[in-house]
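Enquirer: Chains as they are written, first to last, in my numbering: chain A, 10 to 82; chain B, 10 to 82; chain C, 10 to 82; chain D, 10 to 82; chain E, 10 to 82; chain F, 10 to 82.
Treat the hints with care, as some may be off.
Copies of the same chain look alike in the list, so a pair counts if it works inside one copy or between any two.
With a straight-line cut-off of 25 Å between C-alpha atoms, the simulated SDA-like cross-links for lysine to any residue are [claimed, not checked]: (1) K19 x R46; (2) K26 x S53; (3) K51 x E32; (4) K26 x R78; (5) K26 x Q80; (6) K19 x D66; (7) K19 x A38; (8) K19 x K51; (9) K19 x Q79; (10) K19 x V81.
Read the hints as simulated data drawn from the structure, not as lab findings. Here the structure is a predicted model, which means the values were calculated and not measured.
Each chain, written out:
Protein chains: 6
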Amino acid sequence: MPYVNIKITKEGGPDGKGPTADEKAEVIAGVTELLSRVLNKKPSTTFVVIDEVDLEDWGIGGLPVIQYRQQVS
Amino acid sequence: MPYVNIKITKEGGPDGKGPTADEKAEVIAGVTELLSRVLNKKPSTTFVVIDEVDLEDWGIGGLPVIQYRQQVS
Amino acid sequence: MPYVNIKITKEGGPDGKGPTADEKAEVIAGVTELLSRVLNKKPSTTFVVIDEVDLEDWGIGGLPVIQYRQQVS
Amino acid sequence: MPYVNIKITKEGGPDGKGPTADEKAEVIAGVTELLSRVLNKKPSTTFVVIDEVDLEDWGIGGLPVIQYRQQVS
Amino acid sequence: MPYVNIKITKEGGPDGKGPTADEKAEVIAGVTELLSRVLNKKPSTTFVVIDEVDLEDWGIGGLPVIQYRQQVS
Amino acid sequence: MPYVNIKITKEGGPDGKGPTADEKAEVIAGVTELLSRVLNKKPSTTFVVIDEVDLEDWGIGGLPVIQYRQQVS
Chain A
10 MPYVNIKITK
20 EGGPDGKGPT
30 ADEKAEVIAG
40 VTELLSRVLN
50 KKPSTTFVVI
60 DEVDLEDWGI
70 GGLPVIQYRQ
80 QVS
Chain B
10 MPYVNIKITK
20 EGGPDGKGPT
30 ADEKAEVIAG
40 VTELLSRVLN
50 KKPSTTFVVI
60 DEVDLEDWGI
70 GGLPVIQYRQ
80 QVS
Chain C
10 MPYVNIKITK
20 EGGPDGKGPT
30 ADEKAEVIAG
40 VTELLSRVLN
50 KKPSTTFVVI
60 DEVDLEDWGI
70 GGLPVIQYRQ
80 QVS
Chain D
10 MPYVNIKITK
20 EGGPDGKGPT
30 ADEKAEVIAG
40 VTELLSRVLN
50 KKPSTTFVVI
60 DEVDLEDWGI
70 GGLPVIQYRQ
80 QVS
Chain E
10 MPYVNIKITK
20 EGGPDGKGPT
30 ADEKAEVIAG
40 VTELLSRVLN
50 KKPSTTFVVI
60 DEVDLEDWGI
70 GGLPVIQYRQ
80 QVS
Chain F
10 MPYVNIKITK
20 EGGPDGKGPT
30 ADEKAEVIAG
40 VTELLSRVLN
50 KKPSTTFVVI
60 DEVDLEDWGI
70 GGLPVIQYRQ
80 QVS
């Protein structure tokens, strides 16, 4: 009975606005396979929920992501 | 002091794009009443937050929901 | 495909240390039935996860729960 | 290694549709500084994620926020 | 900037009380590698948090996990 | 109506097993004050929930925290 929540910044992908449905499907397949292989969890009761988060809503190092990257680069 | 987070796939409702505000209000009322009745939790300090999740962002059985339903049907 | 997370303060129940397994089972049954009845969600793909939180880890009104209750009573 | 998730109702700000990017940046800076000062957590490994939630998706006292405020006012 | 939260039922592993630290490390490595490979996310800013949940706190099909398994078997 | 969830690694504090109740109270007070001051959120409907996470359950850079620190130091 795993429940996996993956939060990512909304960026990248073909138009810079986040991953494609195919890329998300690959993530869903990959994490489900991983939990099955390593922890013996059944895929049929494995949920994966992906949340894309706008860059201004994600902070690291005390700064929103964009300012953080400008600072560290 | 309960905090309840309900994540559902964004579908159903009158236009297939998710529940109406009235349906969500019924869910909020119902879960708050349930926690009051069974666990004696005060409604005035019970929060309920509903998240609707796009179908391509929800996986089960290693597949996004739509492909999963095609496979099991 | 609902996923429901219920966080409650760890208190109440027969010994003051939280609800019994039977009470939790009643909550699980109740919220699953509610989502089936109101939103037409299938119980077989409804997950409910209950977290009990120590009183010192829950704040409201800028205070941990115990101090908050002393203040408002 | 803190991860902070802040959920707020989507309201307020200059147009009533939620806080500005600058206000969110101030929240990110403030909570990161707080955890550094009180708990000695390193800002470089502190994540802050802000979620804005529509008013109809947030319940308190068994009611969606708007009805709740009408009732208590 | 991914944040991944993996909730699993507390069972399995050498003593039936959940995965070993090595198994969890393998999950952490695997999901981080997956997000790097598929979504180009940097491992250095990928957090993974694993929560183990007692069987009586996890419901599916309207029942706690143990009763659910007895019913479907 | 804010809900704030703060996850931290379980370490530090007087015995190395996490912050004291007083330190957590200071975090609760600080984040509630911050949201009141910057976003005009009412403290009486601000919840803060703190989760302490064992070091083996937190990963960064593809490694559990302890190995990660050994690697970067």
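Enquirer: Work down the list of hints and note, for each, if the structure agrees.
Expert: These are the hints, each one checked on the structure:
1. K19 x R46: between (29 Å within a copy, 17 Å between copies)
2. K26 x S53: This pair counts as between: shortest inter-copy Cα distance 22 Å, intra-copy 30 Å.
3. K51 x E32: both (22 Å within a copy, 16 Å between copies)
4. K26 x R78: within (18 Å within a copy, 27 Å between copies)
5. K26 x Q80: within (22 Å within a copy, 29 Å between copies)
6. K19 x D66: both (10 Å within a copy, 13 Å between copies)
7. K19 x A38: Both ways: K19 and A38 sit 20 Å apart in one copy and 21 Å across, limit 25 Å.
8. K19 x K51: Intra 29 Å, inter 14 Å, cutoff 25 Å: inter-copy only.
9. K19 x Q79: For K19 and Q79, only the intra-copy Cα distance (18 Å) is at most 25 Å; the inter-copy one is 28 Å.
10. K19 x V81: Classified as within; 20 Å inside a copy, 28 Å across copies.
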